[in-house]
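Starting from the known structure of chain A, arrange chains B, C and D on it as the hints suggest.
4 protein chains.
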Amino acid sequence: MVIVLQTGVTEEQIEQVSERLKQAGLGVHLSRGQYRTIIGAIGDEKKVREMGLEALSYVEKVLPITKPFKLVSREFQEEDSTFTVGDCTIGGRQLVVMAGPCAVESEEQLLEAAYGVKAAGAQILRGGAFKPRTSPYSFQGLEHEGLEILAEARELTGLPVVTEIMDPRLVDEVASYVDILQVGARNMQNFFLLRELGKAQRPVLLKRGPSATIEEWIMAAEYIISSGNDQVIMCERGIRSFENYTRNTLDLSAVPLIKQLTHLPIIVDPSHGTGKWKLVEPMALAAVGAGADGVMVEVHQNPSEALSDGPQSLTPENFARMVKRVRSMVMALLAAEEN
Amino acid sequence: MVIVLQTGVTEEQIEQVSERLKQAGLGVHLSRGQYRTIIGAIGDEKKVREMGLEALSYVEKVLPITKPFKLVSREFQEEDSTFTVGDCTIGGRQLVVMAGPCAVESEEQLLEAAYGVKAAGAQILRGGAFKPRTSPYSFQGLEHEGLEILAEARELTGLPVVTEIMDPRLVDEVASYVDILQVGARNMQNFFLLRELGKAQRPVLLKRGPSATIEEWIMAAEYIISSGNDQVIMCERGIRSFENYTRNTLDLSAVPLIKQLTHLPIIVDPSHGTGKWKLVEPMALAAVGAGADGVMVEVHQNPSEALSDGPQSLTPENFARMVKRVRSMVMALLAAEEN
Amino acid sequence: MVIVLQTGVTEEQIEQVSERLKQAGLGVHLSRGQYRTIIGAIGDEKKVREMGLEALSYVEKVLPITKPFKLVSREFQEEDSTFTVGDCTIGGRQLVVMAGPCAVESEEQLLEAAYGVKAAGAQILRGGAFKPRTSPYSFQGLEHEGLEILAEARELTGLPVVTEIMDPRLVDEVASYVDILQVGARNMQNFFLLRELGKAQRPVLLKRGPSATIEEWIMAAEYIISSGNDQVIMCERGIRSFENYTRNTLDLSAVPLIKQLTHLPIIVDPSHGTGKWKLVEPMALAAVGAGADGVMVEVHQNPSEALSDGPQSLTPENFARMVKRVRSMVMALLAAEEN
Amino acid sequence: MVIVLQTGVTEEQIEQVSERLKQAGLGVHLSRGQYRTIIGAIGDEKKVREMGLEALSYVEKVLPITKPFKLVSREFQEEDSTFTVGDCTIGGRQLVVMAGPCAVESEEQLLEAAYGVKAAGAQILRGGAFKPRTSPYSFQGLEHEGLEILAEARELTGLPVVTEIMDPRLVDEVASYVDILQVGARNMQNFFLLRELGKAQRPVLLKRGPSATIEEWIMAAEYIISSGNDQVIMCERGIRSFENYTRNTLDLSAVPLIKQLTHLPIIVDPSHGTGKWKLVEPMALAAVGAGADGVMVEVHQNPSEALSDGPQSLTPENFARMVKRVRSMVMALLAAEEN
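Protein chains in written order, with our numbering: chain A, 1 to 339; chain B, 1001 to 1339; chain C, 2001 to 2339; chain D, 3001 to 3339.
Extracted from the complex, chain A is given alone in its bound form (with noise of 0.2 Å):
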């Protein structure tokens, strides 16, 4: 940490603070420059951070100088971590196509769903069963029965099951049903269900908050990491700006910035990230040209009857061809890394 002391600080002041960073272990280290005199502390920053030391009037500001997140950093691990789910292994030079409906509506509408995914190439099945809702009156997923609508799917097709969990009590049960647990945007920083998921024995898709910044959503899975699970997949989702033509702003910057910060893998919802179904073949490409290991994208038999989030669903067909596109799009990337 850089102390920053104010103009006008005393000798005194200078001591005072040096003095409880001492206390605490730390060493000091004073430079004192043409306008202001900065201390350095050297050691735990953590410490520092819990100091407050903005607080006393003749600090001007606190600056840190190391990352505040271990066990994810690059640092930390050099290699990219993998996960294998199924016969599928996020994070490695493959990409991961997970793809589904919004929300579990039914039996019929999730299996005819599922096997249209397969056959066009999806590797991973999403849907809901808990659906978060912005209305207390709007359709709120078919909860127990949607999980058992999730694992005969997954049965029948052989396709690993994602699903949301947004409450601390169900993490048992959701992961007596699916293959990968998935925490919502809105739940980034629900660290109660964060440390519930660190004791799962599942991989957890991290969604990226719609106001959370790089670090924090770092921290987010840190959390996870350091109680105890270290399958954590990030996701990109799309952040909240001022331009309400797209639903999210989708930050496709995050991808590269994640993979030079963490050894995490990241994947990309440009169907969330956009809000709109033509925007979602062109969202999804770039994504693998920023260097997603995958894609998760809304799919519907029928858009205009989906119970959630249809103007953002690729039909079957639609589905299909962006699939083709963004695979053949890998392997010219993986075929121009060789040259």
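Note that these hints are calculated values from the structure, not bench results.
A few of these clues could be false.
[Said to hold, decoys possible] Here are the simulated lysine to aspartate or glutamate pairs, DMTMM-like style, with alpha carbons at most 20 Å apart:
1) B:1047 - A:305
2) D:3324 - A:337
3) B:1278 - C:2215
4) C:2061 - A:75
5) D:3061 - B:1075
6) C:2278 - D:3054
7) C:2046 - D:3305
8) B:1061 - A:305
9) D:3278 - A:337
10) D:3067 - B:1054
11) D:3061 - B:1216
12) A:324 - D:3337
13) A:259 - C:2060
14) A:22 - B:1305
15) B:1047 - B:1019
16) C:2067 - C:2044
17) B:1061 - D:3075
18) B:1022 - B:1044
19) A:324 - D:3338
20) B:1278 - C:2078
21) D:3067 - B:1060
22) B:1278 - C:2337
23) A:278 - D:3075
24) A:118 - A:108
25) D:3046 - D:3080
26) B:1061 - D:3216
27) A:67 - C:2060
28) D:3047 - C:2060
29) B:1259 - D:3060
30) C:2061 - D:3305
31) A:47 - A:15
32) A:70 - C:2078
33) C:2047 - D:3305
34) C:2022 - D:3337
What follows is chains B, C and D alone, placed relative to chain A:
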């Protein structure tokens, strides 16, 4: 709802949409403009919302006409809601001052703070037993022990207590210790928690999420009320914008907006709203000008030694000065209104 | 500046950076922490800024210690700047009220408005002769004719006039007609215009850009002052956030911040800041609470027939009520300060 | 337009609005819903927009049905616009690569850069003679001398040149030296400049403002085209969001959106869009995936000695690598399309 159709829409397509609306029991009102044909759907907007008509390629957009909230709206209840907590009425003509440290750190610290803020004019004591922290390595609160200390402070000082609740499993326990249950900004859309709070017999202080629109925030209140608890206090605590000189951007226009759109009381938290103790007093005064029913501020005996949020905490002296100025401003506004 | 080096940096690389700093006449202060080596550059930060050291692969980040502005800063001038316009002092203990229609539409309209706002207590008349409009097909102002009408209103009512200037070629002309030259939000970083205004002999009212940070806004003021004109009045008029219930998000924390960081006066425009006339009075009162030196509001005889910004304009009656309440609040604050 | 009236609106008030619409030559279509009465105004929306009906207390909101832009829209011109600059077609099936240093610093620097980027595959040379800088104390460009150097580089290498223009007084001069006139992000709504550019005989590269919505950006293009110059190239360069790990948030969904809404070509600037050279290649590849017609990147022989924007500049080696990968991706996409 108004459904705007693409240019070039065919008669059959118009018929198709109309038919679906009618089948759902809605009235249909067709209007052919110079550039666009639009369909007015008469009846329950929720039904149209659920149809996902935007997914049809010939539908350009679907515009809501009515607001999605009901029980909280001014149209549902014209007069202001007021709640009594201890001797204190929230939502009436008196300004309510809530104050205390960010986190309960020890019995001694909290009792000293409680007596201090009471002497300076606070009517409700705040203090966190469970602390949502970005880092898993930061102090997470004294948890159960913190609740015990809060109950003791309440017993000794007579001040009602407000504290944050993060886990739906703990609603009953926390409610047995404190007077007001606070939903933190990160949990504003933790719908399982909101529904549990709908069953509690305590007022709920609902903080606005950092990226929540006014409408989403109101809908979160609607979740609590529609689950059975109509004692909801809104709390503006700043939204996330590009500006990072302040910790958040305090959106004071939310105060008159909430008053116009709903019948609920609204208070303002200038401590989290700015993150800088030097801005707390001016923003508390601004909140009063905007018409807030109360302010909630962080006060710490020794801000630079607080385990959490020291930089935004007032000293007891500064707090006493703020209360004095805030109260004289309230009186001036009441006097001006009477003339 | 503090230069934070990557882990694994070599002695040679450290030497290389140090050498470049020394060659630029800067002092070098090396500090080897447990996790990072950092270099403190002592002397003129501008020189370090221009070096672009972040481009070196072994430099992690470069942290500024001092602020980039000088002439506008409290450190440069401790006492408040005040400017006199007509009978009116801006930046003193009295609140200045500026009011008038968004656009000058006709002689009759403006004169009626000018007499009206004067009667209700306005001290400065506002009105646009040149209107920046999102659409090329919207009314763009009466231009030269509008200036003539403003000068006439000033002559007849004795009110000084403020109007927007958008084109650097017109500074002399506009300055010959009006008392205060306004830089609109969209032109806050139109540096050629700012430099021309630095040569004008008129106070400049500098609106904050919709996406300008506090620091960028202050730097825009620094452009004007460093070009020779030290009469700059800051004007907060709302920033762009994700919230679109209001036209902009009025960032009132800018008021105490500008007062703490600079010696310039600051006023608030709650009309553009909210876009809704029902929010203008509460936000004007809030601005006063935050410590603003003045407010600027849009008033129109017949808002629903205004050629521009009708929805945010007050009627003369509502304006008169607002002035009365605002003034009584100022008196209460001054009285509280004296006790 | 659809005019939504407040509940409780009287027949007289409905009549009043209808009358005003009719007087303006608009058709009136009344629809009485269960909760709200709405009026459809049939005819030119611009007329309704100018009426400011939201200012009436009994009008809740006014909803636009049609888009405010015309000449740039797909509805006005179905086929893509393409422009030829030198040997290069912008907006066709080939990707255009524009590259060069942020600022022209000297003849030697620019010529070296020009030959370098040409060798690596750039088709258009970029370089700033006038630099918009946040600080008045930063390097502002070589101005006239910079234009001379750019013209020399163009002569020697045969590369067409693009440079930024900030001052409406300089349009003719700058146009006499270069091939494409660039409007910087800060000037996107400098309407006097846009109108001057409407009279120029050169293509205009219009950067998106950091807080400009898609619609405002398109309207800025409409300003240029409606002033007489239909050669406009859109350039996405990142918007301002709360995330500050990157300099801006590159909004790649703007690429397919601009393609769907308008007939104009669009390129992407991943250098300003991210501010970090390590993100430039992945985001250039992402831009190609999204369907961009070109990319514009900053290349500097020695980024850590650049007078401007070094941290986001590629070295010539990294640039060459990027061009190779970008081109192979374009070929893969074209091949996939043909199948």
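ask   = Does the structure keep residue 1047 of chain B and residue 305 of chain A at a Cα separation of 20 Å or less?
value = Judged against 20 Å, a Cα distance of about 12 Å means the pair holds.
inquiry  = Just to be careful, I want the Cα atoms of residue 1061 of chain B and residue 3216 of chain D compared with a cutoff of 20 Å; is the pair within it?
reply    = Since the Cα atoms of residue 1061 of chain B and residue 3216 of chain D sit roughly 19 Å apart, the hinted pair holds (cutoff 20 Å).
20 Å limit on alpha-carbon distance, applied to hinted pair residue 3067 of chain D and residue 1054 of chain B = 17 Å, holds
query = Does residue 3338 of chain D lie within 20 Å of residue 324 of chain A when you go C-alpha to C-alpha?
reply = Since the Cα atoms of residue 324 of chain A and residue 3338 of chain D sit roughly 12 Å apart, the hinted pair holds (cutoff 20 Å).
task = Could you grab the alpha-carbon distance between residue 1061 of chain B and residue 3075 of chain D and see if it respects the 20 Å cut-off?
result = 16 Å, holds
request  = With a cut-off of 20 Å on the C-alpha distance, tell me whether residue 3061 of chain D and residue 1216 of chain B pass.
outcome  = 19 Å, holds
Holds or violated: residue 118 of chain A to residue 108 of chain A, with C-alpha atoms at most 20 Å apart = This hinted pair holds, its Cα atoms lying about 16 Å apart.
ask   = Within a Cα-Cα threshold of 20 Å, do residue 2061 of chain C and residue 75 of chain A meet the stated pairing?
value = 17 Å, holds
query = Are the Cα atoms of residue 67 of chain A and residue 2060 of chain C separated by 20 Å or less?
reply = 11 Å, holds
message = Holds or violated: residue 2022 of chain C and residue 3337 of chain D, Cα atoms, limit 20 Å.
response = Judged against 20 Å, a Cα distance of about 57 Å means the pair is violated.
Restraint check for residue 3047 of chain D with residue 2060 of chain C, where alpha carbons must lie at most 20 Å apart = 55 Å, violated
task = Compare the distance between the alpha carbons of residue 2278 of chain C and residue 3054 of chain D with 20 Å, and conclude whether the hinted pair is satisfied.
result = 11 Å, holds
Comparing the model with each numbered hint stated earlier shows that hints 25, 28, 32 and 34 do not hold.
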